[in-house]
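*Asks:* Take a look at the letters that make up each chain.
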Amino acid sequence: MIVNLLSGDKPRSAVLTALLVLILICLAGAPFIFDGVRPLDTAARICIFILLVASYDLLLGYGGIVSFAHTMFFGLGAYGVALASTHMGRGFDALLVGSLSGALAAIVLALLIGLFSLRVRAIFFAMITLAVASAVAVLVSQFSGLTGGEDGLTYKIPRVLTSANRMGEFLGTRISGKILNYYLVFTCALILFLLLLRIVNSPFGRVLQAIRENDFRAEAIGYRVVWYRTMATCLSAATAALAGSLFAIWLRYVGPDTTLSFEIMLDILLMVVIGGMGTMYGAVIGATLFILAQTYLQNLMGGASEATAGLPLIPDLLDPDRWLMWLGILFILSVYFFPTGIVGRLREGRSA
Amino acid sequence: MSEPILTLNNLYTDIAQYHILQGVDLQVPRGQVTMLLGRNGVGKTTTLKTIMGQWTAKSGEILYNGQEMTQMPVSARARAGIGFVPEDMGIFRDLTVEENMILGCTSGPLDPKRKDWLLGAFPALGTFWHSEAGNLSGGQKQMLSIARAMAEERQLYLIDEPTKGLAPAIVSTMAQALRELKAQGASILLVEQNFSVAKALGDTAAVMDDGRVIWNGDMAELATNSDLQERLMGLSMEAH
Amino acid sequence: MAAAPDHKPTFAALSLSERLDKAMPVLLVPLLVVLGFLAIGTPSSWMTLTVSGLAMGMMIFIMASGLTLVFGLMDVINFGHGAFVSVGAFVGVSVLIALGDWTGTASLLLNMSAVFLAVVAAMMVTGIMGWGFERIIVKPVYGAHLKQILVTVGGLIVVEQLIHVVWGPDEIFITRPETLKGAITFAGAAMEKYRLLAVAIGLVLFIAMRMVLRRTKIGLIVRAGVENGPMVEALGYRLRMVFIGVFVAGSALAGLGGVMWGLYQEVITAGMGEKMMVLVFIVAIIGGLGSVEGAFIGALLVGLMQNYVAFLEPKLALVSNIALMTAILMWRPQGMLPVVKAK
Numbered sequence: 392m393i394v395n396l397l398s399g400d401k402p403r404s405a406v407l408t409a410l411l412v413l414i415l416i417c418l419a420g421a422p423f424i425f426d427g428v429r430p431l432d433t434a435a436r437i438c439i440f441i442l443l444v445a446s447y448d449l450l451l452g453y454g455g456i457v458s459f460a461h462t463m464f465f466g467l468g469a470y471g472v473a474l475a476s477t478h479m480g481r482g483f484d485a486l487l488v489g490s491l492s493g494a495l496a497a498i499v500l501a502l503l504i505g506l507f508s509l510r511v512r513a514i515f516f517a518m519i520t521l522a523v524a525s526a527v528a529v530l531v532s533q534f535s536g537l538t539g540g541e542d543g544l545t546y547k548i549p550r551v552l553t554s555a556n557r558m559g560e561f562l563g564t565r566i567s568g569k570i571l572n573y574y575l576v577f578t579c580a581l582i583l584f585l586l587l588l589r590i591v592n593s594p595f596g597r598v599l600q601a602i603r604e605n606d607f608r609a610e611a612i613g614y615r616v617v618w619y620r621t622m623a624t625c626l627s628a629a630t631a632a633l634a635g636s637l638f639a640i641w642l643r644y645v646g647p648d649t650t651l652s653f654e655i656m657l658d659i660l661l662m663v664v665i666g667g668m669g670t671m672y673g674a675v676i677g678a679t680l681f682i683l684a685q686t687y688l689q690n691l692m693g694g695a696s697e698a699t700a701g702l703p704l705i706p707d708l709l710d711p712d713r714w715l716m717w718l719g720i721l722f723i724l725s726v727y728f729f730p731t732g733i734v735g736r737l738r739e740g741r742s743a
Numbered sequence: 737m738s739e740p741i742l743t744l745n746n747l748y749t750d751i752a753q754y755h756i757l758q759g760v761d762l763q764v765p766r767g768q769v770t771m772l773l774g775r776n777g778v779g780k781t782t783t784l785k786t787i788m789g790q791w792t793a794k795s796g797e798i799l800y801n802g803q804e805m806t807q808m809p810v811s812a813r814a815r816a817g818i819g820f821v822p823e824d825m826g827i828f829r830d831l832t833v834e835e836n837m838i839l840g841c842t843s844g845p846l847d848p849k850r851k852d853w854l855l856g857a858f859p860a861l862g863t864f865w866h867s868e869a870g871n872l873s874g875g876q877k878q879m880l881s882i883a884r885a886m887a888e889e890r891q892l893y894l895i896d897e898p899t900k901g902l903a904p905a906i907v908s909t910m911a912q913a914l915r916e917l918k919a920q921g922a923s924i925l926l927v928e929q930n931f932s933v934a935k936a937l938g939d940t941a942a943v944m945d946d947g948r949v950i951w952n953g954d955m956a957e958l959a960t961n962s963d964l965q966e967r968l969m970g971l972s973m974e975a976h
Numbered sequence: 054m055a056a057a058p059d060h061k062p063t064f065a066a067l068s069l070s071e072r073l074d075k076a077m078p079v080l081l082v083p084l085l086v087v088l089g090f091l092a093i094g095t096p097s098s099w100m101t102l103t104v105s106g107l108a109m110g111m112m113i114f115i116m117a118s119g120l121t122l123v124f125g126l127m128d129v130i131n132f133g134h135g136a137f138v139s140v141g142a143f144v145g146v147s148v149l150i151a152l153g154d155w156t157g158t159a160s161l162l163l164n165m166s167a168v169f170l171a172v173v174a175a176m177m178v179t180g181i182m183g184w185g186f187e188r189i190i191v192k193p194v195y196g197a198h199l200k201q202i203l204v205t206v207g208g209l210i211v212v213e214q215l216i217h218v219v220w221g222p223d224e225i226f227i228t229r230p231e232t233l234k235g236a237i238t239f240a241g242a243a244m245e246k247y248r249l250l251a252v253a254i255g256l257v258l259f260i261a262m263r264m265v266l267r268r269t270k271i272g273l274i275v276r277a278g279v280e281n282g283p284m285v286e287a288l289g290y291r292l293r294m295v296f297i298g299v300f301v302a303g304s305a306l307a308g309l310g311g312v313m314w315g316l317y318q319e320v321i322t323a324g325m326g327e328k329m330m331v332l333v334f335i336v337a338i339i340g341g342l343g344s345v346e347g348a349f350i351g352a353l354l355v356g357l358m359q360n361y362v363a364f365l366e367p368k369l370a371l372v373s374n375i376a377l378m379t380a381i382l383m384w385r386p387q388g389m390l391p392v393v394k395a396k
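Chains as they are written, first to last, in the working numbering: chain A, 392 to 743; chain B, 737 to 976; chain C, 54 to 396.
One or more of the hints may lead you astray.
[Unchecked claim] Some chain A residues flagged as far from chain C (calculated, every beta-carbon gap over 10 Å): (1) SER404; (2) LEU431; (3) ARG510; (4) VAL523; (5) LEU562; (6) GLY568; (7) ILE582; (8) ARG589; (9) ALA609; (10) TYR614; (11) LEU688; (12) GLN689; (13) LEU704; (14) TYR727.
[Claimed, not checked] Among the chain C residues that face chain B by a calculated CB cut under 10 Å, a handful are: (15) ARG263; (16) ARG267; (17) MET284; (18) VAL285; (19) ARG291; (20) ARG293.
Everything labelled a hint here was simulated from the structure, so no lab data went into it.
A quick note: this is a predicted structure, and the numbers were derived from the prediction, not measured.
All C-beta atoms, glycine included, are put in the ideal place defined by N, C-alpha and C.
Build the full structure now, drawing on both the sequences and the hints.
*Replies:* Here you go:
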């Protein structure tokens, strides 16, 4: 039954299985295991980013295509919910309409970009997505009448999903709408993740990997390479948009910095590479580690920076704001030495 | 007889998962034209590319002037005096004929005497000296490719099917140029499908099959013995 | 024996449409200028915008030229190219600030000397940095596009962060040297002096680059290498050395572009190179990856387009360039002057 849920794609490593189960348990029980607002928020972010990174892995790891527009699709979903909630008023219908129209917009845009750039050479795709994504980011901040510009949009979601909705106590934890909201995020992310796992293990996913390995041969055998790649782009975009919608529902706020910025694009790249490209489970490991590090490690760096305050340059290098630099170095090193990421390492360790 | 300019000992080359060369042994005598013969797909082109270094030999050795050069980079082999005319001619189409010729000289400008000789041998190149090489006809491109390899003096020339698809008149121009090149003391390893050209030019011959050299000897002997041709290549020269 | 007359000249005269097709990319620039005039209407604004469009185009070209050649030669796509732009700007601006006495006085000689020194310092630092970047970041991932993109993006992040470490987290404001401030008025159109200077530098560089590529042996090797690298090696040239040379030169040019852009904007940030990469990529794609001439035309088109549209409808400036790119790719999927690889 579980194997079936995982589409037959088992973790294939005892340590990896243990880690995945641990992450699943922590995320499933987060409101009861951890205390306070911050852990719950962290858990929700982890759920959303696992989905986002997994959808990126479909493109990068399985399709061998580098996109810099993934945050754009993420943002489309988020803004979809935000705009629908602003204009239709609070309500589940607004959330649904917003999510679906965001995903639809993402598919259409992905189709256009894909047809344009994948037709010529895969490398165009990376450059063109970078250009288009930055143009969209500029547009969003300029058309502030609609999008709130740099300030973003704040809106109301159904009261059932807010902390104002008190539903009594369970296992010593006060149940509020916030926790309900968390489980909405968790469940959607889980279902969509399993769906992605199903896609990459389907015949479609296998062809995609064959194309990644050798597109000339795949074309020669008779697969329409552009069609497969474009389809992968659309699927990945749609899932990213849905992740964005979840993010918008969770935060009750969207802004360019939280959904569209190049920094988030880099974060996604780091998560997928460090976790392990082309494995799906890499997204789970990568996103979890990254968000935890982002949330908690930066404090540690701050402490180290203060502790070394007397030395030249070192405190600057250890400044919490510089943590992206260390990630960058880690990123380069992992592309060189661990191209299969943590998941790949764990699996090798087992077979060795 | 002096030592051969080039010796291949038990050379193996893989391309992707395919084992193309499976123990090639070959000697190219100094100052002679050696024909490399055999059916399509037996590894002639791969042999030349392995000598040039465009494919790396998996095992075996390549001795050039008695020196081992199996691991030498491509450009170092060229600078050591090997000229290469690949099967696809390797013409720089965006460059003019003149610029192609200039690139043929790695150690300085094109020597005027040599230029005169080459233009005498291949008059068409003079006519289109300042035109883009991409606009030349197939035969002219082939001439340019050979002339470019000859643009400065080299000791050994590896030439891959220079007469493929050419009109007979050009074939004889080409053969004459190669004879003059030999007269200057150069050694030539020539892959050739055209047997009349092979017969006219070759001093020695090596016949390949299945990634190995299966026969080695005088071209004259091969040319007159149709039984041998039949056995080695499955066809006889009389048929041509 | 029937002699086949293969020696006959094979050049048929090009028909008019073929000629037009070949010349079209070059004609697009004046065409856009004329369209700009029709859309804007007032000659003085049109002239001001044309000059600033050309200035912007020249600067983008300077940044893009190295990127496109590096791709053409070794099939290496460097997403970290923008790092050189940023570093060049910070080094150059630091020199200019240090030479504040020279830039503050209204002496053309002192001002230009300061700018010259800033440019030299920036190009030297980014050139050396390019050499290191090639060795550490690019060399291990030859032939693998996916890894190249990832690793060079990683390099970009690290360099940007190092800029923060060295120069602090904030943007730096810089004023232009005295004699480069202000504008000259010609036929009622105000044209900033600095922009005219940028156009001049860009033109000189483009012509110099063309001369090197067309008239020198190293230029021949580079052009031949873009078309058929293995053959260049088989003739006896060490293409890798040529490539490193081009990479270093391209990085130094990106550094120069960074200084010029910094003085143009009068403010520099660590992320400026990353932002410029968007335009640089658009330029390289529409020009045809590997083509310096294509990048030049593309850069002028992008610069002009951006300025005209920014005047007519400010919010659409960047989007207009995406539209330009889309239109050109619909017309020529490989870019305006595609580099034909011998394969």
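*Asks:* Next, verify each hint and record whether it holds.
*Replies:* Checked hints:
no.	hint	verdict
1	SER404	holds (24 Å)
2	LEU431	holds (30 Å)
3	ARG510	violated (7 Å)
4	VAL523	violated (6 Å)
5	LEU562	holds (43 Å)
6	GLY568	holds (39 Å)
7	ILE582	holds (30 Å)
8	ARG589	holds (25 Å)
9	ALA609	holds (16 Å)
10	TYR614	holds (19 Å)
11	LEU688	holds (16 Å)
12	GLN689	holds (14 Å)
13	LEU704	violated (7 Å)
14	TYR727	violated (6 Å)
15	ARG263	violated (14 Å)
16	ARG267	holds (9 Å)
17	MET284	holds (4 Å)
18	VAL285	holds (7 Å)
19	ARG291	holds (5 Å)
20	ARG293	holds (9 Å)
Hints 3, 4, 13, 14 and 15, counting from the list given before, are not met by this structure.
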